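*Asks:* So the chains spell out like this:
Number of protein chains: 2
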Amino acid sequence: MSQVRIDPQVHLPMPVVLVGVMVEGKANFMPAGWVCRANYTPPMLAVGIGHGKWTAKGIKEAGAFSVNVPATAAVETVDYCGIVTGRSTDKSAVFPTHAGDLGAPLISDCPLALECRLHDALELPSNFLFIGEIIGAWAEESILKDGAPDPQKLDPLFLTMPDNTYWKLGPALAKAWACGKAVKDRL
Amino acid sequence: MSQVRIDPQVHLPMPVVLVGVMVEGKANFMPAGWVCRANYTPPMLAVGIGHGKWTAKGIKEAGAFSVNVPATAAVETVDYCGIVTGRSTDKSAVFPTHAGDLGAPLISDCPLALECRLHDALELPSNFLFIGEIIGAWAEESILKDGAPDPQKLDPLFLTMPDNTYWKLGPALAKAWACGKAVKDRL
Numbered sequence: 003m004s005q006v007r008i009d010p011q012v013h014l015p016m017p018v019v020l021v022g023v024m025v026e027g028k029a030n031f032m033p034a035g036w037v038c039r040a041n042y043t044p045p046m047l048a049v050g051i052g053h054g055k056w057t058a059k060g061i062k063e064a065g066a067f068s069v070n071v072p073a074t075a076a077v078e079t080v081d082y083c084g085i086v087t088g089r090s091t092d093k094s095a096v097f098p099t100h101a102g103d104l105g106a107p108l109i110s111d112c113p114l115a116l117e118c119r120l121h122d123a124l125e126l127p128s129n130f131l132f133i134g135e136i137i138g139a140w141a142e143e144s145i146l147k148d149g150a151p152d153p154q155k156l157d158p159l160f161l162t163m164p165d166n167t168y169w170k171l172g173p174a175l176a177k178a179w180a181c182g183k184a185v186k187d188r189l
Numbered sequence: 003m004s005q006v007r008i009d010p011q012v013h014l015p016m017p018v019v020l021v022g023v024m025v026e027g028k029a030n031f032m033p034a035g036w037v038c039r040a041n042y043t044p045p046m047l048a049v050g051i052g053h054g055k056w057t058a059k060g061i062k063e064a065g066a067f068s069v070n071v072p073a074t075a076a077v078e079t080v081d082y083c084g085i086v087t088g089r090s091t092d093k094s095a096v097f098p099t100h101a102g103d104l105g106a107p108l109i110s111d112c113p114l115a116l117e118c119r120l121h122d123a124l125e126l127p128s129n130f131l132f133i134g135e136i137i138g139a140w141a142e143e144s145i146l147k148d149g150a151p152d153p154q155k156l157d158p159l160f161l162t163m164p165d166n167t168y169w170k171l172g173p174a175l176a177k178a179w180a181c182g183k184a185v186k187d188r189l
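Line by line, the protein sequences are chains Y and H.
With positions in the first sequence counted from 1, the corresponding number in our numbering is that position plus 2.
With positions in the second sequence counted from 1, the corresponding number in our numbering is that position plus 2.
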């Protein structure tokens, strides 16, 4: 082992989602990797978005947003949404959508689409951390197993930085809350 | 396409980290998947942890914590840390550690270890969302490429729920802020 100090501007591997929101009457979508669950009951998630983003303006104004998990086949379209801003480019027709209970644009051809009610907007120095309660969830029927998304059928995208690479989910390795029992028994 | 409504208690695929903290004088470690970057400058991350967790008590008291990215080879030890609680089991000797500038226990044999100063603790209904500023980063020299972790050498773990499965990173698919240009040119 030889750990060395590196620049603290470090990124973790990220799942890739598309954040959908109505802005000035039009649906807009941006890819985001700064996203994770934040609360168990009720289910909430957190998403970090730069102060200047069109999506940030939309979430604050609409009070609702969607978090859509695209499949890897959509990688080019996902990336396109990160190259152009809704401020100058109308992305409302990029995906077919349906409105959630709160009016957030849910992407109909994503395997998983969640609608969130804005619970809190934490203003950090350069980003907002939006906390949303998941009030509705839609999934493509074919990816479900026992009523929940099957990870391999979901076929999610991951992003790493600074190499700016999209990745597929790799092979399954072990079971959680299970494989560690061998260690427990050894100690 | 046929999306159907499902239970909103939905999980995204998650990167797996070990959160390290000093609690009552002893280093403790818990695996966490509710973790993402939260702010760009200065670098911050967010981690969601249940109210009752020993780690939550430690972070609030110490004001500092570590976020360590284990390699897939450590999967059983990582899982072990999620099976036993620091409240009743001393996990301080599970990993070799070195103290960060703020005294947080950094795992010496993880390929990547970050020390965070607690910036904010958002109290949600069942979890705290801890926001930490990354004030130091250490990486195993052999995983670096141009000074930053190379994702394949980092060899991170992912977790999905409710199937409770650990996964490896899959094959690289495309370049971000690049592959979408083909879509832009088509439109």
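The reader is advised that the hints may include incorrect statements.
All copies of an identical chain are treated as equivalent in the list; a pair is satisfied when it fits inside any one copy or across any two copies.
[Stated by the list, open to error] Result set (DSSO-like, lysine-lysine): computed pairs, CA atoms no more than 27 Å apart in a straight line:
#	residue 1	residue 2
1	LYS55	LYS28
2	LYS147	LYS55
3	LYS170	LYS59
4	LYS170	LYS186
5	LYS28	LYS59
6	LYS147	LYS170
7	LYS177	LYS155
Derived from the structure by calculation, the hints contain no laboratory data.
Keep in mind the model is a prediction, meaning the values are calculated, not measured.
*Asks:* Each of the hints needs a verdict: does it hold here or not?
*Replies:* Right, here's what the structure says about each hint:
1. Taking the shortest Cα distances, LYS55 and LYS28 sit within 27 Å of each other inside one copy (15 Å), while across copies they are farther apart (42 Å).
2. Proximity of LYS147 to LYS55 under the C-alpha cut-off of 27 Å is found in neither arrangement, the shortest distances being 36 Å within a copy and 30 Å between copies.
3. Taking the shortest alpha-carbon separations for LYS170 and LYS59, neither the intra-copy value of 31 Å nor the inter-copy value of 36 Å comes in at or below 27 Å.
4. Only between protomers do LYS170 and LYS186 lie at most 27 Å apart by alpha-carbon distance; the minimum there is 23 Å, versus 32 Å within a single protomer.
5. With identical chains, the CA atoms of LYS28 and LYS59 are at most 27 Å apart within one copy only, with a shortest distance of 13 Å there and 44 Å across copies.
6. Both within a single protomer and between protomers do LYS147 and LYS170 lie at most 27 Å apart by alpha-carbon distance, with minima of 20 Å and 21 Å respectively.
7. Taking the closest pair of Cα atoms, LYS177 and LYS155 come within 27 Å of each other both inside a single copy (18 Å) and across two copies (22 Å).
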